[in-house]
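Residues per chain, in single letters:
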Amino acid sequence: MNQLLDQYPKEINTILAKYPADRQRSAVMPLLHLAQRQNGYVTKQALADIAEILNLSTTDVASIVGFYSLYHEEGGRYRIQVCTDLPCALRGADEFLGKLCENLGIKVGETTPDGLVTFEEVTCLAGCHRAPMFQMQGDGEITYHENQTVESTLKLIDELKQHNGAQEGK
Amino acid sequence: MSEYILLRHRDVPHIDQLDVYRQHDGFEAFRKAVTAMQPADVINEVKASGLRGRGGAGFPTGTKWSFLPNNLWPHYVVANADESEPGTFKDREIMEGNPFQFLEGLMIASYAVQANVAYIYLRGEFWQIAAGLDKCIAELEKAGLLGENLFGTSYSLHVYTHLGAGAYICGEESALLESLEGKLGQPRLRPPFPAVAGLYGKPTVINNVETLTNLPPILHKGAAWYKSIGTEKSPGVKIFCLSGNVNNPGNYELPLGTTFRHLIYDLGGGIPGNKKIKAIMPAGASSFIIPATDKALDTPMDYESVPALGAQLGSASVIILDESVNIARVIRKTTHFFKHESCGKCTPCREGTYWMDHITQRMVDGTARPEDIDLLEAVAKQIQGKCLCPLGEFSISAVLSSVKPFRQDFEELVAHEEVKTSV
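Going down the list, the sequences are from chains A and B.
Residue numbering for the first sequence follows the working numbering, starting at 1 and increasing by one per position.
Residue numbering for the second sequence follows the working numbering, starting at 1 and increasing by one per position.
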């Protein structure tokens, strides 16, 4: 049984149709993006499912997860990834991230105690002119949040918690 | 500038809508190419315009296209939308604000080399942009501008987006192709070049988003018009990404040959707090660091003049450093970036960036030894000229161009060592 195929038959067909029939390996990255949608990371089951769909070994698929920084094997359901590269740093990104972590009582790389949000430091996101900025990864999406303050980010996290709590309560 | 050529969304509201784009001559250039021009005519027109690749290398676009052999098929075109150089954020604005002009450019390039399939390789972080482009592509298919037998001719074209997943190296074209084939993003040994053996081993053109976005106006208004903008050897407009210690950071579309001073002071509003400018990095983190002398400030930003300063124009990501910035801390940021982004294939780059990262970490931690400055320079020199792709080379540009002119900044950091050990 292929859980991924059962869950996203339409999406998977659309992805496979993008590449020549004898070059289906190209679909490995889009399929990994799809596999992360539910949990925020690629499960062992998803690795096996993708390997089966593309006729690759599980190790082959895992090597792609290991190489590219947007794929994860564990962590929170959401990830807030703050750019601290040179242009952002010149606009106060390091101070921003430091204060944010201080407010939340966690360190860079750690996840909030409720398992909801992991905080990470990342390299350039092409938002240099609107720093401090970060991207949020979760629910299979990546959204940009620019010209941020510690207050605006804390507010966003609160909203995320409320939204998530409301969903779980249903 | 009176009228934008690339960032047209700043002049024309809602040009990101297909009907608005078409009301402003949208897809007329593509129609003209497919219905009234031979592929070779398109290549010749682009050659005549003098357009050079905007991704960083500055290679003449029409010439790059003409390298594809006509006895090997199919041909592919890939748009490089992996914009990842620290300090670069221009392709993003084009794809967000003026997506149809970019797509039309990609379609013209595809017709010129007779590719029936084109891919847009976007960095994974551009998830929202890819979703927007997918919507645009669906609209073009519906409008009969993409698909089979376009304008009643025998020419067919399909365009697909493909998301990367966070790897700077995939902006390098052969690593991009590996990634698009579903493999680790590591550069290929060349030759053969992608023009002969590219995607799936087939002849492939890879062009930057900004390069492609220049094509519709070039075909529409003609090569002579385009060549009248900019300088003789660097014709046309370029989007300069201005960031760092400057009052008005952002994208500036300007004729090539505009001076640094005009960009930084007249348009960028100068340095915050009226501080003095210390140095310029004209090509992002990969850049040589140029001390901001009057001579440097009055240098025209084009493909010939910037190299004369001992640097390169690259993708024109101009990072400004003011007098309060310690250059050794800048180097800490750039070396950390390259250590993180080295793909690991070539030993000098993999190990060299690792050690430069360690040495500069010691410097900012206050645990460096005075001899670490020379050690940093020595490691950088051992990377020089020894790697398959330019990443290794890029990782040392800032190091080698700063250790001598800004040695005092490094000494300031290593001086902490004595204090530390004596306490």
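Rather than coming from a laboratory, the hints here were simulated on the basis of the structure.
Heads up, some of the hints might be wrong.
To be verified - Between beta-carbon pairs, the in silico distance windows are:
{"no.": "1", "chain 1": "A", "residue 1": "Ala21", "chain 2": "B", "residue 2": "Gly147", "range": "13 to 21 angstroms"}
{"no.": "2", "chain 1": "A", "residue 1": "Thr58", "chain 2": "B", "residue 2": "Arg22", "range": "47 to 55 angstroms"}
{"no.": "3", "chain 1": "B", "residue 1": "Gly147", "chain 2": "A", "residue 2": "Thr58", "range": "53 to 61 angstroms"}
{"no.": "4", "chain 1": "A", "residue 1": "Thr58", "chain 2": "B", "residue 2": "Asn71", "range": "34 to 42 angstroms"}
Source: prediction; values computed, not measured.
Using N, Cα and C, we set each Cβ at its ideal position, and we do this for glycine too.
Non-conforming hints, listed in increasing numerical order
When the structure is compared with the hints, only number 3 turns out to be violated.
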